[in-house]
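Modelling step: build the complete structure from the supplied sequences, incorporating the hints.
2 protein chains.
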Amino acid sequence: MTLHLNLFLHDTGHHEASWRLPESEPLAHIDIAYHQRIARIAEEARFDSVFLADSPVLWGKPSRRPSGKIEPTILLTAIAAVTTRIGLIATASTTYNEPFNLARRFSSLDHVSGGRAGWNIVTTAGDDAAQNFGLDAQPAHLTRYDRAAEFVEVSKKLWDSWDDDAIIADKTQGVHARDDRVHTIGHVGPHFKVRGPLNVPRSPQGYPLLVQAGSSEDGRDFAARHAEAVFTAQQTLQDAIAFYRDVKRRAIEFGRDPNEVKILPGLVPVIGSTEEEAHALDAELERLIVPEHAARQLATLLRVDHLELDEELPADLPEEAAIEGAKSRYTLIVELGRRERLTVRQLIGRLGGGRGHKTFAGTALQVADTIEEWHRAGAADGFNIMPAVLPSGLERFADEVLPILRQRGLFRTEYTGRTLREHYGLPRPANQFALPV
Amino acid sequence: MTLHLNLFLHDTGHHEASWRLPESEPLAHIDIAYHQRIARIAEEARFDSVFLADSPVLWGKPSRRPSGKIEPTILLTAIAAVTTRIGLIATASTTYNEPFNLARRFSSLDHVSGGRAGWNIVTTAGDDAAQNFGLDAQPAHLTRYDRAAEFVEVSKKLWDSWDDDAIIADKTQGVHARDDRVHTIGHVGPHFKVRGPLNVPRSPQGYPLLVQAGSSEDGRDFAARHAEAVFTAQQTLQDAIAFYRDVKRRAIEFGRDPNEVKILPGLVPVIGSTEEEAHALDAELERLIVPEHAARQLATLLRVDHLELDEELPADLPEEAAIEGAKSRYTLIVELGRRERLTVRQLIGRLGGGRGHKTFAGTALQVADTIEEWHRAGAADGFNIMPAVLPSGLERFADEVLPILRQRGLFRTEYTGRTLREHYGLPRPANQFALPV
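Chains A and B, in that order, are what the protein sequence lines are.
Residue numbers are given in my numbering: position 294 of the first sequence equals residue 294, and the series is strictly consecutive.
Residue numbers are given in my numbering: position 130 of the second sequence equals residue 130, and the series is strictly consecutive.
Don't read these hints as lab results, they were simulated from the structure.
Please note that the accuracy of each hint is not assured.
One copy or two, either will do: identical chains are not told apart, so a pair holds if it fits within one copy or between any two.
[As the list claims (entries may be wrong)] List of simulated lysine-lysine pairs, DSS-like, C-alpha gap at most 30 Å:
hint	residue 1	residue 2
1	K327	K248
2	K61	K171
3	K193	K61
4	K61	K156
5	K327	K156
6	K61	K248
7	K61	K327
8	K171	K193
9	K248	K156
10	K171	K327
Rendered as structure tokens:
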């Protein structure tokens with residue numbers, strides 16, 4: 001029984017006000033050396049992987065916090081060059097890319113990193129992203145998921161278009177690869193027509209680890225069908241257990257081994273030497289949020305014109321079914337506000353730390369206990385660790401929480417594999433087109 | 001008067017049979033450490049830049065030579081991580097990408113490398129590439145160039161969508177960037193509708209060095225209008241002078257400073273201690289070509305069913321105007337064959353070395369003399385160096401030819417700038433949207 005830990009990279013930290021702390025580097029988000037340093041800390045701590053969220057649009061107002069990001073496959077390649085073991089998971093959109101280009105980029109990242117690439121598959125919600133690609137509004141939720149499913153199918157065909165034994169490099173005969181082991185794919189479907197083969201030989205992992213992070217109905221089905229790791233935002237242990245069981249059950253229904261779908265809820269640890277110290281840091285961060293900015297952003301997410309800071313959420317919010325995009329995040333926020341009867345100001349404080357992910361402020365021992373509790377209760381195969389402040393929150397987690405988890409036999413002391421799939425205990429996929437040897 | 005030198009990376013070398021030499025690494029094309037090693041040699045030799053050709057399709061038969069390539073922006077990012085000064089030029093297609101995604105990738109490469117990114121803009125000829133993107137056949141030559149022009153226009157708007165002084169990172173006031181210095185672009189044109197802003201702040205160079213390599217009529221116009229460096233294949237000094245004058249003249253007609261369009265013909269040096277040794281190496285490489293494979297590839301390029309190895313080119317080949325894609329390369333090959341009355345076998349030998357670029361076999365002194373002659377005659381602002389065999393051909397060029405050029409004051413002994421634009425003596429572009437300070 002070993003936990004899997006992913007570090008969710010997010011410039012100066014996941015708390016939206018983290019950049020205002022004296023310790024934070026104001027240009028961290030575009031500083032490659034900074035990202036390389038953090039990834040090395042995570043590798044030294046034996047994390048399974050680092051991960052970057054992404055969307056092809058500028059998020060939020062540039063005044064509010066560090067905005068704009070280095071494109072993830074580029075940033076992770078720069079990290080690959082200074083690390084040797086840690087996995088590298090990049091988010092990329094199936095709605096605003098072409099399968100040939102994206103499959104090639106992930107295959108390239110897998111080659112460059114020696115088998116450490118992962119792809120967080122997203123369909124990209126929002127009209128603003130659509131407007132960067134010639135559209136007026138986002139395609140409907142279902143259309144996006146439909147395209148995503150075919151996108152993954154095409155990508156797998158492209159990744160399999162070279163047999164693993166295609167290259168023989170016979171200098172004497174002058175034959176570099178066997179032509180009959182490199183296949184056109186001739187894919188024709190409702191969304192894509194792609195001839196192939198891919199212009200990169202099959203990569204060390206066969207293809208990147210497939211990750212998914214949407215928790216709507218369609219998102220869960222997609223995860224159960226295609227994903228090998230699932231990132232999810234869960235506020236309570238009860239909800240997390242229900243989600244875990246639901247996705248594993250769906251995976252079985254799709255004929256998959258449920259152990260090959262690893263579920264990692266997000267966790268925002270705020271660690272202090274004492275509980276009081278942890279809560280003080282949390283309060284300090286909350287104090288640094290500009291509430292008017294945050295309320296405006298929350299109003300956009302909830303599709304209302306305006307929110308009163310010192311009142312609870314309005315009663316007449318739309319149902320999830322009426323929401324196109326970021327469905328599960330919408331429901332989570334509305335339920336959190338109503339369950340705990342939070343004012344908008346309080347809700348912003350809670351969301352400022354983790355944008356819907358579970359924030360836990362306490363001592364290292366308390367954080368370790370929570371992790372163990374969730375894991376033993378069947379809520380998590382591992383965690384998506386989202387330090388409120390980087391790099392200090394990561395260092396503290398690595399120095400204080402991980403030794404406790406190791407003592408309890410819950411986390412590795414050394415890497416045993418070389419590839420990202422090996423870290424997650426997942427097999428290298430067979431090639432669907434491979435000829436007999 | 002200083003020459004600019006670009007190293008054209010091409011796995012084991014530009015000669016198509018180079019991989020068959022005992023010294024060559026058979027998996028060089030997918031080996032990142034190999035590419036990093038070569039780039040370090042080029043940086044040690046103070047080359048302006050390294051460059052990767054590319055197309056989103058598998059070129060040629062995998063049996064013939066190392067096939068498939070790491071995607072160039074990824075490969076150059078891995079090189080950026082282990083170098084500090086040398087420029088990094090990636091080829092990318094305007095026909096099979098979206099401006100938002102590609103502009104972001106090049107901005108990211110420029111950030112990651114500290115201002116060393118260049119983009120070789122190509123429109124991608126060939127039906128086989130089109131068939132990887134849902135089309136049956138390539139768009140017409142003119143349509144591709146029309147889209148390319150608008151693609152560059154949109155990209156420049158996106159690169160300029162953040163003012164250089166947008167980020168203030170004021171921790172006290174909680175203002176990271178000034179919202180009025182980050183602009184939507186609202187581009188609407190025949191090919192693209194893009195809202196913006198880009199989701200990356202403006203990069204060290206403002207935007208990547210813009211490079212172009214097509215020498216057809218449309219290609220020359222495009223180069224004269226947009227390119228800051230031009231790679232070209234020229235077989236004779238006379239043709240090279242004519243091309244040089246023509247492009248500079250066109251640049252002036254478009255209102256540009258002709259010194260801001262650097263012209264670099266390709267040169268394939270095959271260096272020996274004596275002329276005899278150089279010709280022996282050349283002959284050894286020619287002997288390793290499998291002529292039947294090469295003839296089949298040449299026939300495809302020339303749009304004929306079959307070519308007889310020991311006869312000259314057929315008399316009834318189509319005119320350039322009837323060719324859609326790779327127009328200038330087509331004409332160059334046909335003219336070379338006819339001018340020197342080569343058999344197909346001889347022509348293959350000549351092309352095997354440089355695929356239409358000038359091959360020069362001789363001593364280091366003779367190579368240096370040729371470079372100086374072309375430069376002084378007004379045929380070249382620099383050269384695109386394409387060693388027949390890598391890394392040995394590069395090492396020999398660096399160790400034997402460069403000292404002669406330095407002695408003559410024709411090439412730098414040390415970098416004076418930090419960015420790719422600075423190496424090429426080009427200004428950092430102003431921002432078209434910038435507000436007054």
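Verification of the hints:
{"no.": "1", "hint": "K327 - K248", "in the structure": "within (21 Å within a copy, 56 Å between copies)"}
{"no.": "2", "hint": "K61 - K171", "in the structure": "between (58 Å within a copy, 16 Å between copies)"}
{"no.": "3", "hint": "K193 - K61", "in the structure": "between (38 Å within a copy, 22 Å between copies)"}
{"no.": "4", "hint": "K61 - K156", "in the structure": "between (37 Å within a copy, 22 Å between copies)"}
{"no.": "5", "hint": "K327 - K156", "in the structure": "within (27 Å within a copy, 35 Å between copies)"}
{"no.": "6", "hint": "K61 - K248", "in the structure": "neither (38 Å within a copy, 44 Å between copies)"}
{"no.": "7", "hint": "K61 - K327", "in the structure": "within (22 Å within a copy, 47 Å between copies)"}
{"no.": "8", "hint": "K171 - K193", "in the structure": "neither (36 Å within a copy, 50 Å between copies)"}
{"no.": "9", "hint": "K248 - K156", "in the structure": "within (22 Å within a copy, 47 Å between copies)"}
{"no.": "10", "hint": "K171 - K327", "in the structure": "neither (56 Å within a copy, 33 Å between copies)"}
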